[in-house]
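Respectively, the protein sequence lines represent chains A and B.
Take 1 as the starting number for the first sequence in my numbering and just add one per residue.
Take 1 as the starting number for the second sequence in my numbering and just add one per residue.
What the hints contain is simulated information worked out from the structure, not anything from laboratory work.
Built from N, CA and C at the ideal position, the CB exists for glycine as well.
Be a bit skeptical, because a hint or two may be false.
For lysine-lysine, the following DSSO-like pairs were computed, each having C-alpha atoms within a straight-line distance of at most 30 Å [unchecked claim]: (1) A:K39 <-> A:K185; (2) A:K185 <-> A:K374; (3) A:K374 <-> A:K354; (4) B:K192 <-> A:K545; (5) A:K39 <-> B:K192; (6) A:K545 <-> A:K597.
Estimated spans, in silico, between C-beta atoms of each pair [as the list claims (entries may be wrong)]: (7) B:S12 <-> A:P22: 53 to 59 Å; (8) B:R97 <-> A:T220: 56 to 62 Å; (9) A:R108 <-> B:E189: 51 to 57 Å; (10) B:R97 <-> A:L320: 55 to 61 Å; (11) A:R108 <-> B:R144: 57 to 63 Å; (12) B:S12 <-> A:G34: 53 to 59 Å; (13) A:D54 <-> B:D137: 38 to 44 Å; (14) B:R178 <-> A:R639: 42 to 48 Å; (15) A:R506 <-> B:M171: 33 to 39 Å; (16) A:L320 <-> B:S12: 48 to 54 Å; (17) B:K136 <-> A:R108: 26 to 32 Å; (18) A:R108 <-> B:R97: 33 to 39 Å; (19) A:R83 <-> B:E143: 46 to 52 Å.
Each chain, letter by letter, is given below.
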Amino acid sequence: MSPERWREVEAVLQAALDCPPPERAVFLDVACAGDDDLKREAVSLIHALTEAGDFMEQPAMAHDARVLFAAQRGLDAGSRVGRYEIVRCLGVGGMGEVYLAHDAGLRRAVALKILPAYFVLDDNRLRRFYREARAASALNHPNILTIHEVGEADDVHFIATEFIDGRTLRELVDGAIDDESLDLKDILDIAIHVASALAAAHEAGIVHRDIKPENIMRRTDRIVKVLDFGIAKLTAHAPPQFSTQVSNDVSNEASTIINPQTGAGVRLGTISYMSPEQARGQIVDHRTDIWSFGVVLYELLARRHPFAAATQIETLVGILEHEPPSLIISTAGESPASNVSEHLRRITAKMLRKDALQRYESASPLLDDLNAVKEELELAAMLEKQAASKTASPSENMEQVAASLHVQPLNEKNPALRSFVSFAFIAAALVLVVAAGAILYQGFIAPRSVNVSNINAAKLYRRMSEREQLAFIREQEQRISQMMGDRRRHTLDEDALRSIKRVVDRYVARIGSMSDEHGNEDLRVIYARALPYLPLISRSFAERKVPVVVGIYLPMIEAEYKTCFENSIGAKGMFQFLPQTAKLYGVAHDEMCDVEKMTPAAARYIADRMAELGDDAESMTLVLLSYNRGAEWVRDTLRRLRETGSYERNFWTLYAHRTELDEIFRQENAQYVPLFFAAAIIGENPAAFELQTPPLSSSTQ
Amino acid sequence: MTTISAPHDVTSLLHEWRQGDNQALDKLTALVYDELRRIAHRYLRHERDYHTLQTTALINEAYLRLINQQHAGWQNRAHFFAVTAQIMRHVLIDYARRRHYAKRGGKERERVSLGDATIMSHARARELIELDEALKDLARLDERKSRVVELRYFGGFSIEETADVLEISAMTVRRDWRAAKAWLYIQVERRK
Numbered sequence: 001m002s003p004e005r006w007r008e009v010e011a012v013l014q015a016a017l018d019c020p021p022p023e024r025a026v027f028l029d030v031a032c033a034g035d036d037d038l039k040r041e042a043v044s045l046i047h048a049l050t051e052a053g054d055f056m057e058q059p060a061m062a063h064d065a066r067v068l069f070a071a072q073r074g075l076d077a078g079s080r081v082g083r084y085e086i087v088r089c090l091g092v093g094g095m096g097e098v099y100l101a102h103d104a105g106l107r108r109a110v111a112l113k114i115l116p117a118y119f120v121l122d123d124n125r126l127r128r129f130y131r132e133a134r135a136a137s138a139l140n141h142p143n144i145l146t147i148h149e150v151g152e153a154d155d156v157h158f159i160a161t162e163f164i165d166g167r168t169l170r171e172l173v174d175g176a177i178d179d180e181s182l183d184l185k186d187i188l189d190i191a192i193h194v195a196s197a198l199a200a201a202h203e204a205g206i207v208h209r210d211i212k213p214e215n216i217m218r219r220t221d222r223i224v225k226v227l228d229f230g231i232a233k234l235t236a237h238a239p240p241q242f243s244t245q246v247s248n249d250v251s252n253e254a255s256t257i258i259n260p261q262t263g264a265g266v267r268l269g270t271i272s273y274m275s276p277e278q279a280r281g282q283i284v285d286h287r288t289d290i291w292s293f294g295v296v297l298y299e300l301l302a303r304r305h306p307f308a309a310a311t312q313i314e315t316l317v318g319i320l321e322h323e324p325p326s327l328i329i330s331t332a333g334e335s336p337a338s339n340v341s342e343h344l345r346r347i348t349a350k351m352l353r354k355d356a357l358q359r360y361e362s363a364s365p366l367l368d369d370l371n372a373v374k375e376e377l378e379l380a381a382m383l384e385k386q387a388a389s390k391t392a393s394p395s396e397n398m399e400q401v402a403a404s405l406h407v408q409p410l411n412e413k414n415p416a417l418r419s420f421v422s423f424a425f426i427a428a429a430l431v432l433v434v435a436a437g438a439i440l441y442q443g444f445i446a447p448r449s450v451n452v453s454n455i456n457a458a459k460l461y462r463r464m465s466e467r468e469q470l471a472f473i474r475e476q477e478q479r480i481s482q483m484m485g486d487r488r489r490h491t492l493d494e495d496a497l498r499s500i501k502r503v504v505d506r507y508v509a510r511i512g513s514m515s516d517e518h519g520n521e522d523l524r525v526i527y528a529r530a531l532p533y534l535p536l537i538s539r540s541f542a543e544r545k546v547p548v549v550v551g552i553y554l555p556m557i558e559a560e561y562k563t564c565f566e567n568s569i570g571a572k573g574m575f576q577f578l579p580q581t582a583k584l585y586g587v588a589h590d591e592m593c594d595v596e597k598m599t600p601a602a603a604r605y606i607a608d609r610m611a612e613l614g615d616d617a618e619s620m621t622l623v624l625l626s627y628n629r630g631a632e633w634v635r636d637t638l639r640r641l642r643e644t645g646s647y648e649r650n651f652w653t654l655y656a657h658r659t660e661l662d663e664i665f666r667q668e669n670a671q672y673v674p675l676f677f678a679a680a681i682i683g684e685n686p687a688a689f690e691l692q693t694p695p696l697s698s699s700t701q
Numbered sequence: 001m002t003t004i005s006a007p008h009d010v011t012s013l014l015h016e017w018r019q020g021d022n023q024a025l026d027k028l029t030a031l032v033y034d035e036l037r038r039i040a041h042r043y044l045r046h047e048r049d050y051h052t053l054q055t056t057a058l059i060n061e062a063y064l065r066l067i068n069q070q071h072a073g074w075q076n077r078a079h080f081f082a083v084t085a086q087i088m089r090h091v092l093i094d095y096a097r098r099r100h101y102a103k104r105g106g107k108e109r110e111r112v113s114l115g116d117a118t119i120m121s122h123a124r125a126r127e128l129i130e131l132d133e134a135l136k137d138l139a140r141l142d143e144r145k146s147r148v149v150e151l152r153y154f155g156g157f158s159i160e161e162t163a164d165v166l167e168i169s170a171m172t173v174r175r176d177w178r179a180a181k182a183w184l185y186i187q188v189e190r191r192k
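Isolated chain A (complex conformation) (with noise of 0.2 Å):
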């Protein structure tokens, strides 16, 4: 067929297909007008839409997705890539798949990594790697880990490093905190292999970049490896060395945060481990790496991250802005002796200086304040076992300590181990006294959220029981309604509770929703909308001395969202006056869009409401409602619930004289209320509701 042949037939199906079945056959007859291929033709194609069905109903992605995860060449066992023959696949991650393969002609076990086919496709970003790759593979160190090859075989590219038989320091910390722990002891080791390892990298030029738990090992015999110097900046999300499975792998992925303001969008990796200049996106140089180890330092020492916060965003602002709590050693077995602790607390604290210039100038140094450390945590350890000893006496105690520091090599380079060292001597001549226990750690950042009880805040509202969650929601019921000023202590019937869990399980369930389609849109898409108006409403709604808990609900349950306008990246919905009410607040009908003039006008609007019905919760309804039907229809309910003389002024008091109220005052109150409710206590609650932004309350200062 030609190109205008097809134009004629098409011509002919689509006004065939225009006509109304039973007419098709004669307007077709017409149409050809003797030509009868071209009237087969098109005889064909409206059967062909018939028949079709769902061909090519859905995207080819819905079919096909993990087709982007495997379209890179897989190998199978047995397979070789030069002289390697492939055992097993170690894991998949974004930088390619990882294998265990036997080096045929060394006869050892290496670990392979493969590039993916995409990866290769792109010339640059192929001969940048290669140029990283060779770097990194000259470095020679027992901690870090060995590049044996790079290089292409077969049609593929790899890299081929030593295999270790390990395990990452993610997995011993979060191990740590279950069952087996790491002592003291075993972290200052840690940390002197790492110190060690990067202090060669850097003396070779060489930055990490992304020095984290998941690229630091620790093989069976102890020895300490970092993986993936230099070559993790290149692949953008550059896999611990055996992740596991690849939804595994990418569920970790870096996540984005997209700032609703200016539309950018800003990637942040596993931002824990960032240092403030590489947040910044400045310049990162050696000292990155030092302040990235300072945090893993941190986090082994403390079993808590410096910088943990409800949400990304906060650890951002805690990186760059906070200095991190106190160090409070929190490890296995005996609380360090207090000098320990000081050294280590300032050995920390001089690693994670937002200033890059005032933290250690190199990993050299902070090496041998490790190593002295160590020195005095094995000098400590062994007056204590003198000590605790009854067979020697005092100054025999003394002496032999005096001896066996003679043999201790001194550092003559390093003063502060000297004082190390007297400062031991004149301890040993008292008694060390041990604390019982280990020293909790406390002072952590605590969001500003209402804080839930000890279990429930551990976690989150899914994982809960029925029964937890509906003690969950009673209490946050309680804190909301104290925020709104509730002078009287209520209870909540069953009926009222249950009706607020339904709204909260219905809410919870869309999370990770992808419509757009309003009511059904994940949770976190309605609180990302927010975001961009909270100063403006916390501003405004403060000023007037309204709740802000009121004034940031309102709108976002609001069913109705209109649709005012986007910003670039789509953000919808806000206050929404009703017409008369607008008028009355002076806000014309196109400037009902405007945020900056809707939101004060609002919040007039709810301060005189609460002028005229009360400013405490029980009136709170009334407010709402008086938002959503108008001010004179909620006086108008209100003198004829006061006429029926059993009216109490109250949420739930309303909500429970709901069936002798008018139809509309009933389904407003049976649906809003509760409504309101699960919005506040999910919206105040953002850690359990997995919700990126803070507690919306807490953003007035």
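Please arrange chain B on chain A, whose structure you already have, making use of the hints.
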């Protein structure tokens, strides 16, 4: 070739591709691949809810991440969408070919990984290859329709989104889509 700093890679590559440089497409592939995987991952997590997936939002996000600038021009975005659809097609068909040839064995046998059977069956691979061939034929007859198919089927875009990218009306897209679907169906059936 000059090295371009990361934030401008996509824009420059898009520009080059528009100028007719097909190699730019390869480079773009490498660059956007990670983003596509992220998109694919979300499809995987919602295997039962295809109809709720909004490709534009995902690709938009991807675009913003890569462009990393404020208010990226609409034109660039539209072209980015078009390119993404092409890349998806490219990757999918490439994989399908390797899968298909692997079955046939012989000296030119491409290695496939152990998990391949779960990723794409041979039948599906064949289906995709035939569709791709048919689509190429369609492009010779009617370029716009093949682009509509590429955007809707490989890119996953909606009628409206496709209309935006191609700068035609939604009605035109609908008509193109139905005509293309009919034609492709016949072609693919015939090849079986």
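Do the hints match the structure? See the list:
Of the pairs offered as hints, the one joining A:K39 and A:K185 is violated, with about 87 Å between alpha carbons and a cut-off of 30 Å exceeded. Among the hinted pairs, A:K185 with A:K374 is consistent with the structure: their alpha-carbon atoms are about 7 Å apart, no more than 30 Å. A threshold of 30 Å between alpha carbons decides the hint, and for A:K374 with A:K354 the separation of about 26 Å falls inside it, so the pair holds. Straight-line distance between C-alpha atoms of B:K192 and A:K545 comes to about 73 Å, which puts the hinted pair past the 30 Å bound.
At most 30 Å may separate the alpha-carbon atoms for a hinted pair to count; A:K39 and B:K192 meet this at roughly 24 Å. For the given pair, A:K545 sits about 18 Å from A:K597 by alpha-carbon distance, which is consistent with the 30 Å threshold. In this structure the hint that B:S12 and A:P22 lie 53 to 59 Å apart at CB holds, the actual value being about 56 Å. At about 43 Å, the CB distance of B:R97 to A:T220 disagrees with the hint of 56 to 62 Å.
A:R108 and B:E189 have their C-beta atoms about 55 Å apart, which keeps the hinted 51 to 57 Å range intact. Checked against the hint of 55 to 61 Å, the C-beta distance between B:R97 and A:L320 comes to roughly 48 Å, which is inconsistent with it. Distance hint check: the CB atoms of A:R108 and B:R144 are about 58 Å apart, consistent with the given range 57 to 63 Å. The hinted window of 53 to 59 Å between B:S12 and A:G34 holds, with their beta carbons roughly 56 Å apart.
Between A:D54 and B:D137 the beta carbon distance is about 22 Å. The supplied range of 38 to 44 Å is therefore violated. At about 60 Å, the beta-carbon gap between B:R178 and A:R639 misses the expected band of 42 to 48 Å. Between A:R506 and B:M171 the Cβ separation comes to about 37 Å, which falls inside the hinted range of 33 to 39 Å. For A:L320 and B:S12, the hinted distance range of 48 to 54 Å is not satisfied, since their beta carbons lie about 31 Å from each other.
Roughly 49 Å separates the CB atoms of B:K136 and A:R108, a value that falls outside the hinted 26 to 32 Å. Checking the proposed 33 to 39 Å range against A:R108 and B:R97 shows it holds: the Cβ atoms sit about 36 Å from each other. Remark: the range hint 46 to 52 Å for A:R83 to B:E143 is upheld by a beta-carbon distance near 49 Å.
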